[in-house]
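Peer 1: Below are the chains, spelled out letter by letter.
2 protein chains.
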Amino acid sequence: MIETREGYAPQSPATLAAYLGGIPRVAALLGGAPSGWNIAEVGDGNLNLVFIVKGPAGGVAVKQALPYVRLVGESWPLPLSRAHYEHMALSEQARLTGRLTPEIYHYDETLALIVMELLEPHIIMRRGMIAGIEYPKFAEDISTFMARTLYFTSDLALTADKKKAMIAAFAGNTALCKITEDLIFTDPYRVAPLNRWTSPQLDAYAAEWRDDGDLKVAVSRLKLKFLSSAEAMLHGDLHTGSIMLTPADTRVIDPEFAFMGPMGFDAGAVIANFLLNYFSQDGHEKEPGGRDGYREWVLATLQQIWVFFRAKFLALWRGDGMGDAYPAALFEDAEGQSRLEQERQAYMDRLWTDTVGFAAAKMTRRILGLAHNIDLEWIEDKDRRALCEARALILSRDMMVNPGNYASVEALAEAARRTRRNVLNY
Amino acid sequence: MIETREGYAPQSPATLAAYLGGIPRVAALLGGAPSGWNIAEVGDGNLNLVFIVKGPAGGVAVKQALPYVRLVGESWPLPLSRAHYEHMALSEQARLTGRLTPEIYHYDETLALIVMELLEPHIIMRRGMIAGIEYPKFAEDISTFMARTLYFTSDLALTADKKKAMIAAFAGNTALCKITEDLIFTDPYRVAPLNRWTSPQLDAYAAEWRDDGDLKVAVSRLKLKFLSSAEAMLHGDLHTGSIMLTPADTRVIDPEFAFMGPMGFDAGAVIANFLLNYFSQDGHEKEPGGRDGYREWVLATLQQIWVFFRAKFLALWRGDGMGDAYPAALFEDAEGQSRLEQERQAYMDRLWTDTVGFAAAKMTRRILGLAHNIDLEWIEDKDRRALCEARALILSRDMMVNPGNYASVEALAEAARRTRRNVLNY
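Those protein sequences? They're chains A and B, same order as listed.
This note's numbering numbers the first residue of the first sequence as 1 and each following residue consecutively.
This note's numbering numbers the first residue of the second sequence as 1001 and each following residue consecutively.
Mixed in with the good hints, there may be bad ones.
Claimed, not checked - Only pairs whose alpha carbons sit at most 20 Å apart, straight line, appear in this in silico EDC-like list of lysine to aspartate or glutamate:
| id | chain 1 | residue 1 | chain 2 | residue 2 |
| --- | --- | --- | --- | --- |
| 1 | A | K162 | B | D1182 |
| 2 | A | K178 | B | D1292 |
| 3 | A | K286 | A | E134 |
| 4 | B | K1382 | B | D1203 |
| 5 | A | K312 | A | D161 |
| 6 | B | K1286 | B | E1377 |
| 7 | A | K178 | A | E103 |
| 8 | A | K286 | A | D161 |
| 9 | A | K286 | A | D381 |
| 10 | B | K1312 | B | D1349 |
| 11 | B | K1178 | A | D182 |
| 12 | B | K1162 | A | E380 |
As the list claims (entries may be wrong) - Quick list of the computed label-pair ranges, beta carbon to beta carbon:
| id | chain 1 | residue 1 | chain 2 | residue 2 | range |
| --- | --- | --- | --- | --- | --- |
| 13 | B | A1315 | A | P247 | 57 to 67 Å |
| 14 | B | D1203 | A | E341 | 51 to 61 Å |
| 15 | B | P1077 | A | A9 | 20 to 30 Å |
| 16 | A | I133 | B | P1077 | 34 to 44 Å |
| 17 | A | A315 | B | G1098 | 17 to 27 Å |
| 18 | A | D292 | B | E1410 | 38 to 48 Å |
| 19 | B | R1350 | A | E208 | 39 to 49 Å |
| 20 | B | G1404 | A | A315 | 43 to 53 Å |
| 21 | A | G73 | B | A1411 | 55 to 65 Å |
| 22 | A | S35 | B | A1165 | 41 to 51 Å |
| 23 | B | R1005 | A | N405 | 51 to 61 Å |
| 24 | A | I104 | B | A1315 | 36 to 46 Å |
Keep in mind that the hints were calculated from the coordinates and are not lab data.
Given the structure is predicted, the values throughout are model-derived calculations rather than measurements.
Glycine included, every Cβ here is placed at the ideal spot set by N, Cα and C.
Taking the hints into account, I'd like the entire structure generated from these sequences.
Peer 2: This is the structure we're talking about:
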């Protein structure tokens, strides 16, 4: 049933102009009179309304939740409360990372509406990567975002009471979490009406994924971790479609899936989307080898993301360590310090193993599940697309079942190269 | 600062008689007039007021939280809200286990007061075990309590939204969780003013425990799991002092430490207290070997507890499996069923490993930390007590650092026998 809420109404350009005109800060940013503002609804996305508003002095972006999934319609209700969680996560991410998120100008809980910085000339990263654009600052920025948002909301940085308060604050975002639980961890491994794949080319893969007991146990273990491990505040949907950037500036948007979950889920999302893009390049290059250089940039950046993230997370832990986990009082002398440092490295190794597993789940779901990536969808030649997808599937299966085969990000990158080289037919 | 709350006042026998007289159900249970009721404050415990009230027709027990730790006084405030969490957990445990908890007759949130069934002629299990009393039904009962309370509040039985609602409902019980975090997982491994141990006999052990990097890392990993793994609703303090019983009837009381945490913590508490009692028997037997038979009953019961628990938990999972974890839809055919069964066994193996670790932490804290067990404290000969304690410490250290050495509960029981046989001096 579609949610109704006293005072809620989906905005149109006309109603939005009047509404924004009543918010002094926003009106000043835009300049001039509301009648002169140019307002366009541009939401190309799956869930929400998105407006771009421009006035003589500047622009803003406005995101409003609808009480259903926009892509599907009123038959798939989705609570307006997701705007509440998105606003809460955005505020926290802004506090922790500064300029790596869009600035929030105004939030209206009743309208489930956020007015925020208009990011120009930023584009969605996924589109840039399909076009073969390099982003030299990205690894630096995203690793900072991940390290700071994950570290500072974990038990390593928070006292237990503050951590539990965050868990309670995000515990209501269940409808969004359920989308992840179903579409990532369940549906691709069973017959589900919303599944789709490049057919008939990948029919045998889809059938095999539904029959593979080891794989289904592995993805179920990951799902259990997603359900029960409240390690840190996650963005929850940290793929390259949730990043707007230029070569000089990176912003992470759309944290409406935020909740307290396992860190490897966010890290895995970034890694997965880089691997999917890597495999997709064969479908985008104009002549064989035309994207060889870009492919290597993708893998080099993927490696930097993890290496930088690991180093930054560890540096924060070494310099702060104010949380209730691994209390400083237990490791004060030189020997204790050295033993704790060894454990920090082991902690990051365990997180890497989680990351590999979650990355694998995110790769599979984009090929056999409901929501696909344009990296692969835009490859018009279905045989070619199927070959790219088969490579990603083959690698992801082994990542999920045998994460120990990928002891380092370098080993993972090399496995991607090897898979591309050796798998020549879907 | 001591909490004050509108309408709250600690009860005395006189005020309590008037109060209970105003609750028709309780007044009827007691019979006669309030002036004829016999009311005694009997709280021998650490935290609360406990009254036993008897009338011509029957009796009730009344437990009221104080805004501080009774044992220590007003210098250690503790929120009244713990009665709220205790009542919530008791209600849930009663729903899930029927007659394995005391019946609740009345709950007063403002007074932080619970009126419940008077358990007669039940005694605290710890006292019975010190006296060498066998409880032939106990393994059956406690394994049912553990299996049903843990299974039905886990992701194996609950949908994610219901599970997250429970997490949020218990998230505020942070003051009680902090007691566990400090006294079990931290203080025994550092110089802390509240620590105490049998001195000077165990001084070297206490020093070694503070210096042992492997041990401090191991206990910190357990603490991290306690902080971040919301696997199921825990009793939170499931030692033999939280059990009242007769040979024919078992009741679990006092779940004020309840929260959503790692299952191994509850299972480990039971195991730990059986091991501590096992090692304490050398201090209670009247002549050498006088408790040989009882010692073997303790170990046989310990083994039954885990074996029965494992079988019952698995049976519930096989017969129910309605939760969001390991969804049935993924394992429908014969091969899937067989693979899922293999994973169920692996799940219980992992839970056993957690249990061994948490049991070890609970053993150490009772010997080197603030709160000791009368099983050991009542041994008057300090040398003898220190020997019993040293054996428990030596075993607990290896359990925590090398849980893989204890692949089964039989192996753990055998290690206890071996430790007792081989460690002849503290």
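Peer 1: For every hint, state whether the structure bears it out.
Peer 2: To see whether the hints hold, each was checked on the structure:
1. A/K162 to B/D1182: 16 Å, holds
2. A/K178 to B/D1292: Between A/K178 and B/D1292 the Cα gap is close to 55 Å, so the pair fails against 20 Å, i.e. violated.
3. A/K286 to A/E134: Holds. A/K286 to A/E134 sits at ~17 Å (cutoff 20 Å).
4. B/K1382 to B/D1203: Satisfied, since the Cα-Cα distance of roughly 13 Å is no more than 20 Å.
5. A/K312 to A/D161: 25 Å, violated
6. B/K1286 to B/E1377: 17 Å, holds
7. A/K178 to A/E103: 28 Å, violated
8. A/K286 to A/D161: 56 Å, violated
9. A/K286 to A/D381: With Cα atoms ~13 Å apart, A/K286 and A/D381 stay inside 20 Å; holds.
10. B/K1312 to B/D1349: 14 Å, holds
11. B/K1178 to A/D182: Violated. B/K1178 to A/D182 sits at ~35 Å, over the 20 Å cutoff.
12. B/K1162 to A/E380: 43 Å, violated
13. B/A1315 to A/P247: 57 to 67 Å: 59 Å, holds
14. B/D1203 to A/E341: 51 to 61 Å: Check failed, 29 Å falls outside 51 to 61 Å.
15. B/P1077 to A/A9: 20 to 30 Å: At roughly 48 Å between Cβ atoms, A/A9 and B/P1077 fall outside 20 to 30 Å, so the hint is violated.
16. A/I133 to B/P1077: 34 to 44 Å: Distance hint for A/I133, B/P1077 is violated at roughly 59 Å.
17. A/A315 to B/G1098: 17 to 27 Å: Since A/A315 and B/G1098 have Cβ atoms about 53 Å apart, the given range 17 to 27 Å is violated.
18. A/D292 to B/E1410: 38 to 48 Å: 60 Å, violated
19. B/R1350 to A/E208: 39 to 49 Å: 27 Å, violated
20. B/G1404 to A/A315: 43 to 53 Å: 32 Å, violated
21. A/G73 to B/A1411: 55 to 65 Å: This hint holds: roughly 58 Å between Cβ atoms.
22. A/S35 to B/A1165: 41 to 51 Å: At 47 Å between Cβs, range holds.
23. B/R1005 to A/N405: 51 to 61 Å: The hinted range 51 to 61 Å holds for B/R1005 and A/N405, with Cβ atoms some 58 Å apart.
24. A/I104 to B/A1315: 36 to 46 Å: Cβ of A/I104 to Cβ of B/A1315: about 51 Å, so the range 36 to 46 Å is violated.
Violated hints, listed in ascending order, are 2, 5, 7, 8, 11, 12, 14, 15, 16, 17, 18, 19, 20, 24; each of the other numbered hints is respected by the structure.
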